[in-house]
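With these hints in hand, go ahead and build the complete structure from the sequences.
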Amino acid sequence: MEIPYTTTARPDTGLWNAKIGIWLFLASEIMLFGGLFSAYVFLRLDAMPGYWPHGLLNVPVGTMNTAILIASSVTVVLAWAALKMRQFTRYKIYMGITIICGVIFLFVKLYFEWPDKFHHFGAFIRQDRLEKYEQYLGNHHLLAKGLEPRVEITGHLHNHEALHDPNIHEYEVQLDQVFADPTNPASDRPHFLPLPKSDKIAHIAKEDVERASMFIPKHSTFFATYFTITGLHGLHVLGGVIVFTYFWLPVGANLYKRNPEHLANRVEVAGLFWHFVDLVWIFVFPLFYLL
Amino acid sequence: MDAPSTDLASHSHTAHDPHQHEAGHDHHEIGFLRKYVFSTDHKVIGIQYAITGLIFLFFGFTLMMMMRWQLAFPGRALPLIGHALGNVFGPQMPDGKMTPDFYNSLGAMHGTIMIFLGIVPVAFAAFGNFVVPLQIGAPDMTFPKINMASYQAFFVGGLVMLASFFVPGGAAKGGWTSYTPLSVISDSGPGHHWFWNGQTMWLIGFILLITSSLLGAVNFITTIIQLRAKGLTWMRLPFFVWAQLITAFLLLLAFPPLEAAVVMQLMDRVGATSFFMPTGLVLNGAAMQISGGGSPLLWQHLFWFLGHPEVYVLILPGMGIVAEILANNTRKPLWGYKSLVFAGLVLGFLSFIVWAHHMWLTGMGPVVSAFFQTTTLIISIPSVIILSAFFISLWGGSIRFNTPMLFATAFLPMFGIGGLTGIPLAFNSADLYLHDTYYVIAHFHYIVAPGTIFALFAGIYYWFPKATGRRMNEFWGKVHFWPSLVCMNVIFLPMFLQGMLSMHRRWYDGGQGWNLANEKVWGLTGFQWNVPISIAAWTMGLAQIPFIINFFWSIKWGEKTDDNPWEATTLEWAAPSPPPHGNFAVTPVAYRGPYEYSLPGRERDFTMQNEPIRESDRRAYEAAAAAVH
Amino acid sequence: MNEPQLPAVPETAVVHDDHDHDVSKHVNKYLLVGGVLLFCTLLTVFLSYVDFGSHKANMVVGMIVATFKAGLVAAIFMHLSAEKKMIYRILIFTGLFVLALFWLTYLHWYDPISR
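Going down the list, the protein sequences come from chains A, B and C. Under my numbering, think of the first position of the first sequence as 6, with each following residue one higher. Under my numbering, think of the first position of the second sequence as 30, with each following residue one higher. Under my numbering, think of the first position of the third sequence as 6, with each following residue one higher.
If you're looking for bench data, these hints aren't it; they were derived computationally from the structure. Honestly, I wouldn't trust all of these hints.
Stated by the list, open to error - Listed next, with one range per pair, are the computed distances between beta-carbon atoms:
1) C:V41 / A:H267: 29 to 35 Å
2) A:M6 / B:W567: 29 to 35 Å
3) A:T11 / B:I80: 25 to 31 Å
4) C:K30 / A:V108: 30 to 36 Å
5) A:M69 / C:F73: 49 to 55 Å
6) A:M69 / C:A80: 48 to 54 Å
7) C:Y54 / B:F195: 53 to 59 Å
8) B:N116 / A:L240: 39 to 45 Å
Where is the CB? At the ideal position from N, CA and C, for every residue including glycine.
Written as structure tokens, this is what we have:
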């Protein structure tokens with residue numbers, strides 16, 4: 006039994022089935038990420054001044070990852086074009102590059118960006134103790150300039166046991182550069198290139214701290230949103246990579262010998278999904294890394 | 030095989046050879062598993078959805094019957110089964126008496142199961158899968174394998190939901206709406222597993238169910254757009270197909286924000302994030318060790334963004350089923366077909382921008398409140414148009430009151446009551462009083478219970494012959510119908526008054542308002558209203574037994590029928606009963622609209638859609654038109 | 006007139022030779038757009054360090070560039086600029102509903118009964 010219009014277009018709509026199917030699926034994905042982005046808006050608007058951080062993510066790495074994803078979007082559409090022009094070797098090359106780009110993106114995220122966060126420490130100072138840590142926070146200077154106050158001290162935690170042991174009463178933190186010199190106007194805004202940690206060590210009493218942890222999802226609504234959105238996005242990247250690999254290996258690519266147009270259509274459908282994933286990242290990158 | 034006496038003219042009749050299993054394909058045997066369990070045939074999948082969905086529907090109904098015991102005889106052990114249930118559910122039912130937590134679990138799961146494991150799978154997936162490809166003259170859905178995947182996701186999701194009853198702590202108990210922060214902190218702490226607990230399993234099950242619906246929606250929309258038979262233009266589609274198309278769009282676009290919210294709630298529960306947890310929460314006397322900064326309102330927005338279109342998902346397929354049965358059993362075309370279609374489309378569109386009327390008590394300012402009140406009142410208009418068109422369709426008909434028609438006709442006033450009682454709830458001011466009372470319960474149950482479920486029963490009796498080649502028994506159908514109708518009204522009508530007397534929903538013991546409402550409905554004091562309501566509920570359970578027996582008995586021993594026992598016009602009746610794999614040996618062509626009943630000058634009082642236009646038709650029509658003027 | 010008439014087959018529906026010519030012409034376009042996207046990425050990063058007065062203004066600028074990039078990906082890479090009406094219809098409603106989700110949720114935050 007043949008399902009009509011699998012590879013040929015239906016005359017009045019001008020479309021073959023999977024084209025409509027994938028766009029419908031993408032419509033639902035727009036709503037899915039729309040739900041997540043509306044959470045971002047809501048949580049960011051609700052955040053008290055200073056509680057939505059800036060400059061905690063690595064911008065150069067993020068920029069590079071963005072470039073990689075954009076490059077893979079170019080190569081996947083070139084792979085599709087090669088199939089339409091019946092250039093199978095070219096298709097394999099471009100599709101292979103696409104897969105490699107996807108893998109690099111995931112690798113950078115899972116083996117560099119995320120672990121880098123998991124090893125970074127932050128302590129939110131209690132509202133009534135902010136004065137005590139003024140030497141690190143520099144809030145007088147910020148308020149005079151009309152900027153948002155700093156409420157969190159971040160850096161490298163030397164005494165990890167402090168996180169679990171109630172008998173240890175303070176955190177020993179090797180401060181990030183901005184807290185070593187908080188009144189320097191150059192520290193007012195985040196830097197493009199991440200600065201190395203300063204040599205300064207701060208001792209932050211636990212009783213002065215609202216809450217403190219490594220940069221894991223529960224650390225703040227910013228990180229909760231960041232990890233959830235990039236995590237879900239990463240799952241989509243992984244899904245795309247798996248599908249592309251299937252169409253690159255003989256098991257999927259051999260369809261070319263039987264029905265090259267059918268393979269071209271399938272690659273087009275997978276490519277549309279991949280472009281959407283790229284689209285989402287185009288918004289995620291500025292919203293989290295830059296703004 | 031002899032052609033039956035009601036056979037149509039041969040050129041419109043699709044030839045069917047009983048020995049030909051697959052139209053135009055190699056004849057090869059597939060094993061039992063591939064044919065009945067892992068099938069990609071839309072009819073098998075439709076029946077799988079139907080049976081699984083009906084079982085869940087009955088299970089959800091049983092949960093309610095248990096709740097009604099607690100409401101009628103609070104604090105007393107359930108008779109007969111109480112002890113057995115105590116063994117099954119352990120600490121949740123000590124000595125056969127219901128704990129408050131267990132009551133809440135029953136309530137939350139009753140709602141979840143009835144909606145997502147009962148009605149949506151039966152109304153949308155079962156009926157849609159079985160009937161839509163046949164009605165549009167297609168051999169199957171556009172994506173058969175995805176269709177199978179969608180059923181499997183639903184099945185596993187259902188199992189996860191059921192399994193949640195048996196983990197320590199029991200099933201989810203925060204309402205089917207799962208409002209935060211309660212749902213984030215519930216089912217956690219000592220005595221609960223960090224992952225295998227009721228609420229987390231509810232969330233996991235939900236992700237599977239949403240996935241199933243999304244896959245199904247993609248399939249339905251693509252199929253209806255792409256696989257309509259030649260000549261079947263949009264305005265020649267049976268209204269049932271339109272209803273399923275709109276429903277599919279609602280599912281496709283409304284479910285994903287809730288999926289995002291479910292993922293976030295999972296993060297809150299398992300990852301201790303604070304998407305929905307506000308700052309400053311204190312639990313058991315100690316400040317919660319979370320970041321705070323989250324918003325319970327966010328959950329409500331994302332939930333109800335689905336929640337409202339969901340209620341139209343629940344009613345639209347039912348309206349589609351009723352439309353088909355009304356046209357067929359009045360022997361006249363539906364009145365106002367175009368109005369019905371446009372009203373349905375407007376209804377679908379508006380359903381996306383009314384959701385905050387479920388949130389009147391969240392402290393809305395006047396601007397946002399006015400917006401949602403306006404859109405909510407406007408959305409009542411297409412519903413009224415549809416119901417009115419159905420009522421007017423009855424006028425002047427030669428009505429046959431077979432079982433499907435009984436259920437379909439009863440749908441009309443029942444849905445009418447349900448819909449009209451929603452209007453006070455559309456006003457922020459009135460809802461301040463009625464919110465979370467039994468008035469709301471009565472309102473929506475009138476729509477889904479004697480509304481949608483009656484439509485589903487009607488559809489089962491109606492399409493049973495197409496699926497099996499046999500009829501269900503008419504007498505027992507009526508024995509099923511009349512007690513069900515009476516019981517539905519005895520259950521839900523007093524609830525409006527109970528609600529207005531401030532009886533609170535979801536409360537194990539109802540509190541002050543419960544005492545008041547329990548005794549003062551209709552001014553009669555001393556009469557414990559929850560008792561007759563509960564008795565009616567249990568009687569209604571009994572009234573389903575003839576239906577269950579009738580259903581299974583008739584599969585094997587029901588009266589055999591031909592392909593078109595109801596003398597209907599739509600394309601599914603041109604296929605054999607039951608249709609083989611591939612449905613039609615020759616792809617049908619549609620020459621006419623879907624409801625050509627009782628047209629002047631014809632030999633019979635119905636003409637099937639795939640019957641070509643003949644000169645005699647045209648001449649007869651012109652003669653009749655001339656006679657009128 | 007016994008046979009129902011279907012509309013004449015539009016040329017764009019046929020997936021044949023002329024389309025292959027189109028595809029090879031498109032290859033250069035894809036590379037060009039890819040370059041523009043990479044440039045715009047760097048532009049976004051650069052502009053985020055420029056002071057436009059308020060943080061809100063920076064957000065607006067950032068979102069404008071992002072929307073432009075997204076538009077290019079959608080129109081060129083996803084062939085939306087040449088797509089069929091049916092796809093547009095699906096996407097228009099999706100766009101409307103996602104905007105409704107954003108706007109109405111924001112409206113609720115903006116307009117509470119009291120603060």
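Please name the hints from earlier in the document that this structure breaks, with their numbers sorted from lowest to highest. 2, 5, 6
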